[in-house]
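Protein chains in written order, with our numbering: chain A, 1 to 325; chain B, 1 to 316; chain C, 1 to 448.
Hints are computed from structural coordinates only; laboratory data are not their basis. Keep in mind that a hint or two might mislead.
[To be verified] Only pairs whose alpha carbons sit at most 27 angstroms apart, straight line, appear in this in silico BS3-like list of lysine-lysine:
1) C:K45 - B:K209
2) C:K92 - B:K181
3) B:K181 - C:K447
4) B:K215 - B:K263
5) B:K115 - C:K92
6) A:K2 - B:K181
7) C:K156 - C:K45
8) C:K81 - C:K30
9) C:K30 - B:K215
10) A:K316 - C:K394
11) B:K209 - C:K132
12) B:K215 - C:K92
[Said to hold, decoys possible] Distance windows between CB atoms, simulated:
13) A:V61 - C:P210: 54 to 62 angstroms
14) B:S130 - A:T292: 53 to 61 angstroms
15) B:I238 - C:R116: 56 to 64 angstroms
16) C:V67 - B:I238: 31 to 39 angstroms
17) A:V61 - B:K181: 37 to 45 angstroms
18) C:G435 - A:K320: 22 to 30 angstroms
19) B:I238 - A:P312: 51 to 59 angstroms
By construction, the Cβ of each residue, glycine as well, lies at the ideal position given by its N, Cα and C atoms.
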Amino acid sequence: MKNLIVAPAPHAHSGDSVRRNMLLVIAALMPAYAVSLVAFGWGALITTLISVAACCITEWVIAKWVLKQRPTLCDCSAILTGLLLAFNLPSNLPWWIIVIGAVVAIGIGKMTYGGLGQNPFNPALVGRVFLLISFPVQMTTWPRPLGFSSSYVDATTGATPLAAMKQVVKGNADLVSQLPDLKDAFFGFMGGSLGEVSALALIAGGIFLIAMRVITWHIPVSILATIALFAWITTPEGFACSHEYILYTLLTGGIMLGAFFMATDYVTSPMTAWGKIIFGIGIGLIVMVIRTWGAYPEGMSFAILIMNATVPLLNKIRPKRFGGA
Amino acid sequence: MNLITISLLVLGGTGLVAAVLLYLIAQRFKVEEDPRIDQVQEVLPGANCGGCGFAGCRALAEACTKASSLDGLMCPVGGAPTMEKVGAILGLAAPQGEPKVAVVRCNGTCEARPKTSEYNGTRSCAIMHSMYVGESGCAFGCLGCGDCVAACPFDAIHINPETGLAEVDEAKCTACGNCVKACPRHIIELRKKGENGQRMVVLCVNQDKGPVAKKNCANACIGCGLCAKVCPQEAITITNNVAYIDFDKCVVCRECEPQCPTKALHAIGFADAQAAAPVVTTEVTEGEKKGFDPVIAAKIKALPTPKAVFPQCLRY
Amino acid sequence: MNTFRIGGVHPHDNKEYSAHQPIVECPLPKQAIIPLAQHIGAPAKPIVQKGDHVKVGQMIAEAGGFVSASVHSSVSGVVTKIDTTVDAWGMKMPAIFIDVEGDEWLPEIDRSSDVRRDCTIEAKEIIDKISKAGIVGLGGACFPTHVKLCPPPGQKAEVLIVNGVECEPYLTCDHQLMMEHGEEIIIGIQITMKALGIHRAIIGIEKNKPDAIARMHELTRKTLGIEVMPLQLKYPQGGEKQLIDACIGRQVPSGALPIATGAVVDNVATIYAIYEAVQKNKPLISRVMTVTGKSLTKPGNYLVRFGTPLTQVVELAGGVPEDTGKIIGGGPMMGRAMNNINMPTHKRTSGLLFLPESESRRGIEENCIRCGKCVSACPMGLEPYLLSRQSELKMWDEMEAHNVMDCIECGCCQFTCPSHRPLLDYVRNGKATVGGIIRARNAAAKKV
Numbered sequence: 001m002k003n004l005i006v007a008p009a010p011h012a013h014s015g016d017s018v019r020r021n022m023l024l025v026i027a028a029l030m031p032a033y034a035v036s037l038v039a040f041g042w043g044a045l046i047t048t049l050i051s052v053a054a055c056c057i058t059e060w061v062i063a064k065w066v067l068k069q070r071p072t073l074c075d076c077s078a079i080l081t082g083l084l085l086a087f088n089l090p091s092n093l094p095w096w097i098i099v100i101g102a103v104v105a106i107g108i109g110k111m112t113y114g115g116l117g118q119n120p121f122n123p124a125l126v127g128r129v130f131l132l133i134s135f136p137v138q139m140t141t142w143p144r145p146l147g148f149s150s151s152y153v154d155a156t157t158g159a160t161p162l163a164a165m166k167q168v169v170k171g172n173a174d175l176v177s178q179l180p181d182l183k184d185a186f187f188g189f190m191g192g193s194l195g196e197v198s199a200l201a202l203i204a205g206g207i208f209l210i211a212m213r214v215i216t217w218h219i220p221v222s223i224l225a226t227i228a229l230f231a232w233i234t235t236p237e238g239f240a241c242s243h244e245y246i247l248y249t250l251l252t253g254g255i256m257l258g259a260f261f262m263a264t265d266y267v268t269s270p271m272t273a274w275g276k277i278i279f280g281i282g283i284g285l286i287v288m289v290i291r292t293w294g295a296y297p298e299g300m301s302f303a304i305l306i307m308n309a310t311v312p313l314l315n316k317i318r319p320k321r322f323g324g325a
Numbered sequence: 001m002n003l004i005t006i007s008l009l010v011l012g013g014t015g016l017v018a019a020v021l022l023y024l025i026a027q028r029f030k031v032e033e034d035p036r037i038d039q040v041q042e043v044l045p046g047a048n049c050g051g052c053g054f055a056g057c058r059a060l061a062e063a064c065t066k067a068s069s070l071d072g073l074m075c076p077v078g079g080a081p082t083m084e085k086v087g088a089i090l091g092l093a094a095p096q097g098e099p100k101v102a103v104v105r106c107n108g109t110c111e112a113r114p115k116t117s118e119y120n121g122t123r124s125c126a127i128m129h130s131m132y133v134g135e136s137g138c139a140f141g142c143l144g145c146g147d148c149v150a151a152c153p154f155d156a157i158h159i160n161p162e163t164g165l166a167e168v169d170e171a172k173c174t175a176c177g178n179c180v181k182a183c184p185r186h187i188i189e190l191r192k193k194g195e196n197g198q199r200m201v202v203l204c205v206n207q208d209k210g211p212v213a214k215k216n217c218a219n220a221c222i223g224c225g226l227c228a229k230v231c232p233q234e235a236i237t238i239t240n241n242v243a244y245i246d247f248d249k250c251v252v253c254r255e256c257e258p259q260c261p262t263k264a265l266h267a268i269g270f271a272d273a274q275a276a277a278p279v280v281t282t283e284v285t286e287g288e289k290k291g292f293d294p295v296i297a298a299k300i301k302a303l304p305t306p307k308a309v310f311p312q313c314l315r316y
Numbered sequence: 001m002n003t004f005r006i007g008g009v010h011p012h013d014n015k016e017y018s019a020h021q022p023i024v025e026c027p028l029p030k031q032a033i034i035p036l037a038q039h040i041g042a043p044a045k046p047i048v049q050k051g052d053h054v055k056v057g058q059m060i061a062e063a064g065g066f067v068s069a070s071v072h073s074s075v076s077g078v079v080t081k082i083d084t085t086v087d088a089w090g091m092k093m094p095a096i097f098i099d100v101e102g103d104e105w106l107p108e109i110d111r112s113s114d115v116r117r118d119c120t121i122e123a124k125e126i127i128d129k130i131s132k133a134g135i136v137g138l139g140g141a142c143f144p145t146h147v148k149l150c151p152p153p154g155q156k157a158e159v160l161i162v163n164g165v166e167c168e169p170y171l172t173c174d175h176q177l178m179m180e181h182g183e184e185i186i187i188g189i190q191i192t193m194k195a196l197g198i199h200r201a202i203i204g205i206e207k208n209k210p211d212a213i214a215r216m217h218e219l220t221r222k223t224l225g226i227e228v229m230p231l232q233l234k235y236p237q238g239g240e241k242q243l244i245d246a247c248i249g250r251q252v253p254s255g256a257l258p259i260a261t262g263a264v265v266d267n268v269a270t271i272y273a274i275y276e277a278v279q280k281n282k283p284l285i286s287r288v289m290t291v292t293g294k295s296l297t298k299p300g301n302y303l304v305r306f307g308t309p310l311t312q313v314v315e316l317a318g319g320v321p322e323d324t325g326k327i328i329g330g331g332p333m334m335g336r337a338m339n340n341i342n343m344p345t346h347k348r349t350s351g352l353l354f355l356p357e358s359e360s361r362r363g364i365e366e367n368c369i370r371c372g373k374c375v376s377a378c379p380m381g382l383e384p385y386l387l388s389r390q391s392e393l394k395m396w397d398e399m400e401a402h403n404v405m406d407c408i409e410c411g412c413c414q415f416t417c418p419s420h421r422p423l424l425d426y427v428r429n430g431k432a433t434v435g436g437i438i439r440a441r442n443a444a445a446k447k448v
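So that you can see chain A by itself, here it is in the shape it has in the complex (with noise of 0.2 angstroms):
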């Protein structure tokens, strides 16, 4: 007989792995990137392209290189970065840009701190806020979706809903009639990046996330409730009711695509149900803070990227023990 294999128990596995994860997340933005092709066209298409192989020769390169690990890129999870940087970008932003987000967004925001698992940030967002600190006014100059364009660079730019949104808030009360309608707004078509043009498609990526249990439904549920229930207290006048504010709100610039997928990233969220509570509500109250008083019209990746640096703090929060009171 040949030598038996010994091992502690447990000898079953639930056959989960890093890279199935990274995979179904991948999946879930599928829909949302689809609309966002037949909205901005080859831009579209280009700027994802031009961010994940950004993304996955960085991760190649600094593995194999400096850190002289067995490289990771089996795991998916720099395509997904790239994915997801990507769905932070205008459609039109020149390629050398891209190329330097990702480079921020994988060499900074996750290859320094050890590679996949040991990073405190979402590696996406530090590239986003790089990139928007770096380059204000590319970053904000978003192209208007006008069904699938051929073009590139060249696409038509326009206002954003969230920059008509921050006027009213201040008090200019007759630019609500320059806010999208709101039909549009969920089903997609309104100007921004890649990943906000259509919420419909990413809360059902959410949704299929959460029902895969790959993601729990704590984080943006939390996120999304206080969003809503700070935009009902403090709406502004124009608006015919708070409903209608507190769509506005939930349905621009990246909420969905903040809450159902950049704030679920398993490394930089906390693990406990209740940290995540936690942690959604922070990130709530931190978007409406910036949104409503702040200088910027949109606040989610810094609102995440500030709850990632309390994580090790909510981590302390002990899970319910059994038997415990």
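With chain A fixed as given, assemble chains B and C onto it according to the hints.
Relative to the frame of chain A, chains B and C by itself:
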């Protein structure tokens, strides 16, 4: 101009206030310490290995300074010369200690001790030992997962990929005893180094009866007692089917060596000693590269003083 | 439908291989090797000598203390030696070797298959009989049953929970026992209730055994105080603490015994053994075990006398399959992988599982991605990722502060880890070390 002046004043003023505050606080919370503690710590090696039984070199220095005699306080790394220096600082007599070295008492090489199973769990001796007999049939021998390697602060013990056994690099070993504590099978012993590094040792702790031990490992001590019979110093005892040489009594006459039928008894440090004598005085970097599972190797590399390096990143 | 409230996982149950296979009696061995330590607690002390003739059911070793169990001969024949034998993990264990001659039983044992319903003896006498029969918990832990039935002073049993959950994948012996000996089990429950002086019992059965639930429902229709409770499918529901939570909604406090909730939990196999001991005077000398695996030719449930070599049971099930990579004593979640199968069966061998080589190796370990799946899977509400890291770094005090002693070693954390990290390996090692530290501290405190 005005702007520069104001900036200078504000920044300078803030700095000044902070400096004064810091100074006052430092004065307020000053801890009076015996200055000799620092002096003693200077002469200690500073490896913080814990081999002396204290938490680190500072703790040993404090203990030495407080003590009225240096008996029982010994830095195994620095040895007698260091303790003499400590004694000179404190005006105390230095204790005498003969240099020791860690000895891995197992010579069950891969050929001598065939594998009977394949271990697929975590590469840790402690875990493997709690699980079962090990990959060979011997319930006493070296498991070869390198718990001792991870515990060694001096990079002085390595797993030889050819034999699958832990081997001590005597040039680097300081007899701090960390490996002795780490070994779940209690194979490693601190033994006197002997004159010119020459000594006798039984490299087996298998307590099985002769035939069983022999079946599991060709190099096992079978407890036959031939060595004990010829020893003129009565330094060898057989307990639980295994021979043990008392290094305080042994005079290294080598009478016992040819008697051993399984070559479990080794003479170490002689020019004509057995080729298989498990003494390595050269670096085994090459072997280290080949021998370990990359995960373990990385962990070993990353863990010189585990407690100090990692806790802060634990909570992520 | 009830289940426990914290954590849990859903492994594939793989019970189809041996489910509904009738219990087959394994033939007598030529030589029986009966280990002395088949239970938790002090090993039994032999009371026979070399050369003695023994009969089936005769006590050959008496309990070595209160928390211990006596051992009976499962065969008739001559004691050839009392020596050590090697168990399936290569470790030595003391055992009594008996050469089998015929099959002669003690006269007081009722070997008929009639169901004896009436039990007239008193509670104390019942417990005495259970103790003398050497009955231990047959669910896996092998804790002596008579100890469980005598609650410590100040605590009172309120309800008997009968464990028919069998949450370990692959194993089917309890299921088959409920199907074939349901009536006896019900009588056993009534006897145990009488011994405890209580009037309520719950039989917990997971819903993947609908026929067993139906059968038990039918049998308990006319009995008073016995309730059948179908439970949701979730591992580790068969754990004592989890089962109490699932059945009566009370959680055993950290560090306390299950009796603190007023519940006594016994496995159906244990209950059957109690029935046989009290009504038929038959001590615990055999058990039903599952021998199963995907490539085994005749997987099934076998009734084996203790001391029968495992190899003989394996022969009966069609021999070791060609592609075997791992042989597990017990189920895949908590069973122990074996080094060899030259071991005799005893009270603990609840199953033998043959995994093909392709399923025997662990996945490649990757970095922890802090997904928190281990935290949500842990049925005790611990943080396995943290405990395993602390164990790796030998931070024993911190591990104790994070309640490592509550760990039930169910394996949910490692089962669920997407990075294939050996969480339980480290946690188990840390738990053993911390347990040692706590015991040493308590011993030192007692001395002072």
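Evaluated hints:
This hinted pair checks out: C:K45 and B:K209 have alpha carbons roughly 23 angstroms apart, not beyond 27 angstroms. Annotation: proposed proximity of C:K92 to B:K181 holds, straight-line Cα distance about 24 angstroms (limit 27 angstroms). With a CA separation close to 25 angstroms, the supplied pair B:K181 and C:K447 stays within the 27 angstroms bound. Between B:K215 and B:K263, the direct Cα distance comes to roughly 15 angstroms. Compliance with the 27 angstroms bound is thereby established for this hinted pair.
For the proposed pair B:K115 and C:K92, the alpha carbon gap of about 19 angstroms is at most 27 angstroms, so the pair holds. For the suggested pair A:K2 and B:K181, the alpha carbons sit about 35 angstroms apart, so the restraint of at most 27 angstroms is broken. At roughly 31 angstroms between alpha-carbon atoms, C:K156 and C:K45 are farther apart than 27 angstroms, so this suggested pair is violated. Taken as a hint, the C:K81 and C:K30 pair is honoured in the structure, with Cα atoms around 15 angstroms apart against an allowance of 27 angstroms.
With a CA separation close to 26 angstroms, the supplied pair C:K30 and B:K215 stays within the 27 angstroms bound. As the CA atoms of A:K316 and C:K394 are separated by approximately 20 angstroms, the hinted pair is consistent with the 27 angstroms bound. Taken as a hint, the B:K209 and C:K132 pair is broken in the structure, with Cα atoms around 36 angstroms apart against an allowance of 27 angstroms. Between the alpha carbons of B:K215 and C:K92 the distance comes to roughly 15 angstroms, so the proposed pair stays at or under 27 angstroms and holds.
As the Cβ distance of A:V61 to C:P210 is approximately 57 angstroms, the hint placing it in 54 to 62 angstroms holds. A hinted range of 53 to 61 angstroms holds for the C-beta pair B:S130 and A:T292, which are about 58 angstroms apart. Separation of B:I238 from C:R116 is about 59 angstroms and conforms to the stated range, judged on CB atoms against 56 to 64 angstroms. The beta-carbon spacing between C:V67 and B:I238, approximately 37 angstroms, falls within the hinted interval of 31 to 39 angstroms.
A:V61 and B:K181 have their C-beta atoms about 42 angstroms apart, which keeps the hinted 37 to 45 angstroms range intact. The hinted window of 22 to 30 angstroms between C:G435 and A:K320 holds, with their beta carbons roughly 24 angstroms apart. Between B:I238 and A:P312, the C-beta spacing of about 57 angstroms keeps the proposed range 51 to 59 angstroms intact.
Hints 6, 7 and 11 from the list above are not met by this structure, while the remaining hints are.
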